[in-house]
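Q: Protein sequences appear in the order of chains X and S. Take the first sequence: its letters are residues 1 to 106, numbered as in our numbering. Take the second sequence: its letters are residues 1001 to 1513, numbered as in our numbering.
The set of hints was computed from the structure by calculation and includes no laboratory data. Among these hints, one or two may not hold up.
What the hints assert, rightly or not - With a straight-line Cα cutoff of 25 Å, these simulated BS3-like cross-link-like pairs (lysine-lysine) come out:
| id | chain 1 | residue 1 | chain 2 | residue 2 |
| --- | --- | --- | --- | --- |
| 1 | S | K1070 | X | K95 |
| 2 | S | K1121 | S | K1069 |
| 3 | S | K1006 | S | K1104 |
| 4 | S | K1451 | S | K1441 |
| 5 | X | K69 | S | K1201 |
| 6 | S | K1069 | S | K1104 |
What the hints assert, rightly or not - Across the chosen pairs, the derived CB separations fall in these ranges:
| id | chain 1 | residue 1 | chain 2 | residue 2 | range |
| --- | --- | --- | --- | --- | --- |
| 7 | X | D79 | S | G1474 | 54 to 60 Å |
| 8 | X | N10 | S | Y1371 | 42 to 48 Å |
| 9 | X | G90 | S | G1366 | 34 to 40 Å |
| 10 | S | T1111 | X | L98 | 18 to 24 Å |
| 11 | S | R1264 | X | Y13 | 16 to 22 Å |
Virtual Cβ for every residue (Gly too), placed ideally from N, Cα, C.
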Amino acid sequence: MKDEELGRLNIDYTTYTTEVPEGSVTPFRGSTDLGEVRAVIPGTVVEVRTAPGDTVEDGDVLLLLDAMKMHNEVCAEVDGRVEEVAVEAGDRVEKGQLLVRITQSQ
Amino acid sequence: MSIANKINDFLKRVSRLIMGGGEEAVAKQKKRGKLTARERIAYLLDSESFLETDIFVEHAGRDFGLDKKKLAGDGVITGYGSVDQRPVAVFAQDFTVAGGSLGKMHAAKITKVMDIAGKMKMPLVGINDSGGARIQEGVDSLCGYGDIFYRNTILSGVVPQISVILGPCAGGAVYSPALTDFVFVVDKISKMFITGPQVIKSVLGEEISQEELGGARTQAAITGNAHFFAESEQEAFEQIRRLLSFLPSHSGEDPPAVPPAEPRHPLGDHVIPDDRRMAYSVKDIVRGVLDDSDFFEVQEHYARNIVIGFGRLGGRTVGVVANQPRVLAGVLDVDASDKAARFIRFCDSFRIPLITFVDTPGYLPGTDQEYAGVIRHGAKILYSYSEATVPKMTVIMRKAYGGAYIAMCSRHLGADFVIAWPTAEIAVMGSEGAANIIFRKEIAAAEDPEKLRRQKIEEYEKEFANPYKAASRGYVDVVERPSATRSALLKAMKVARTDRPHQQDRRHGNMPV
């Protein structure tokens, strides 16, 4: 376990010459769009209960995901219209993978 | 039976029991590159000091044919001995006996030495090498774990508790080490996880090796679960003996004092770079202050932007907490806060004065940190410093900005003695940031904004980036040259008491965790 190379880190308008260990600072890549329903854990899609064009409400079950020895209900978190269902029954999904996209009703 | 026969019979019984799981199992253990439980105890303790207890204890299993099996010592060796002539209680799980699996009597042996460690006020060293719960004993095995966890908690802050992981330590079993003060791991031998690779694969489909998931390097560098990393078992036991040399046997006494020694590499005045944006290793500063330049670092490979560890000042043990400008400019973040706070609380529990070296630009900005809860984790540093009643000494070397200035054992959190170097910058933020914010409008409206910006930065730096504003308010007691730091700290140590009581009008506080 050796020291790493020096890199640069900017804090409050000042650039410091210092080690920046991998993974310590990552640019923001997440999404705050509640209409993008993503897998919170890896698993297998058991059953899809929605289709593009459906009108859904906050709390409606969109699909069942088999993970952690459970059939987990994946629900809508907004009211809106289903634009896209990105998976089908039997699909293996990774954590963070897009499952359903909903356009939020105004 | 004659006396001679009885003694013969006794010796025969003992000689069978000290073989553990038998020649074949011992050969297997060796082939894995591991020492036996008895060899481990020999490396830990002073020679001939071990008094073994409960060698004749037998398991209490009734089901699944276990009742027809004999398990030597029920898979764990327990007793008392000494390290540098000071008493310690010890247990060592014996992997050669039923994989070191934990059943009711195995646990009862462990809890017995734990109880004695608490009554007689001596440190406890647990040597962990176990496949986990003894499934055949069912809920009795779980009861055993619970009994151990309960005692780990009750003994916390009473006697130092040390765990060394020398084999698998998985599932519920790993919570005992987690409850203890210090965890030692050995490269390629230690394996710690809550759910192993097979469970992860079957549930989540992820493939990962035991080593990557919970090996010594992972625990020392990524998770921070381990405090000390060693290349070999022998080295781990040397580290444990060294750690114990800094610690009191219990919280009712001061750590053992040794004859004072001058640093081998004393500090000069030019110990940090002229350019305050440049990195240096704070460990050189720490060694320049401590007796014999001897610094025993804790969690060396984890959250390296903060450095913690033990040393001595004038022969007395001190705990050091230092921002490390070499890594991430010495920022505070979630992991560094966690690391420092637990260490501060350990020192406070065991009457170890704290010396804090400050050079930090503040908290690490970014969504990673905010989403990881840097608010509550950062608060742990504030809480643990404020709560600590051991002597608290602070050396402000360079940057002490904003909330991080407060957090790093400032006068405001109850520091007893604050020294600042002439290079200290105790300010609400760095000059660049402050000038950019305070003079934003003027700079934007200027004919040559860059020139005005530089001018304003310089002005701010001259006026505020120094120790004298804080010293003029009494927030800093002494401004001194780096080369005079040690002598000032030695004088402060002379008046430092380690027996100040904690707040009496509450049951206990509720630290953010």
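Q: Could you run down the list of hints and mark each one as holding or not?
A: Against the structure, the hints:
Annotation: proposed proximity of K1070 (chain S) to K95 (chain X) is violated, straight-line Cα distance about 47 Å (limit 25 Å). Restraint check: the Cα-Cα separation between K1121 (chain S) and K1069 (chain S) comes to about 36 Å, which exceeds 25 Å; the hinted pair is violated. Taking the CA atoms of K1006 (chain S) and K1104 (chain S), the gap is near 30 Å; set against the 25 Å cutoff, the hint is violated. Using a Cα cut-off of 25 Å, the hinted pair K1451 (chain S) and K1441 (chain S) holds, with the two alpha carbons roughly 14 Å apart.
Straight-line distance between C-alpha atoms of K69 (chain X) and K1201 (chain S) comes to about 12 Å, which keeps the hinted pair within the 25 Å bound. Pair hint K1069 (chain S) plus K1104 (chain S) holds up; C-alpha atoms about 15 Å apart against a cutoff of 25 Å. The supplied range of 54 to 60 Å is met by D79 (chain X) and G1474 (chain S), whose beta-carbon atoms lie about 59 Å from each other. Taking the beta carbon of each, N10 (chain X) and Y1371 (chain S) are about 20 Å apart, not inside 42 to 48 Å as hinted.
The hint said 34 to 40 Å for the Cβ distance between G90 (chain X) and G1366 (chain S), and at roughly 38 Å that hint holds. Here the CB-CB span from T1111 (chain S) to L98 (chain X) is close to 51 Å, at odds with the stated 18 to 24 Å. Taking 16 to 22 Å as the suggested C-beta distance range, the pair R1264 (chain S) and Y13 (chain X) does not conform, at roughly 40 Å.
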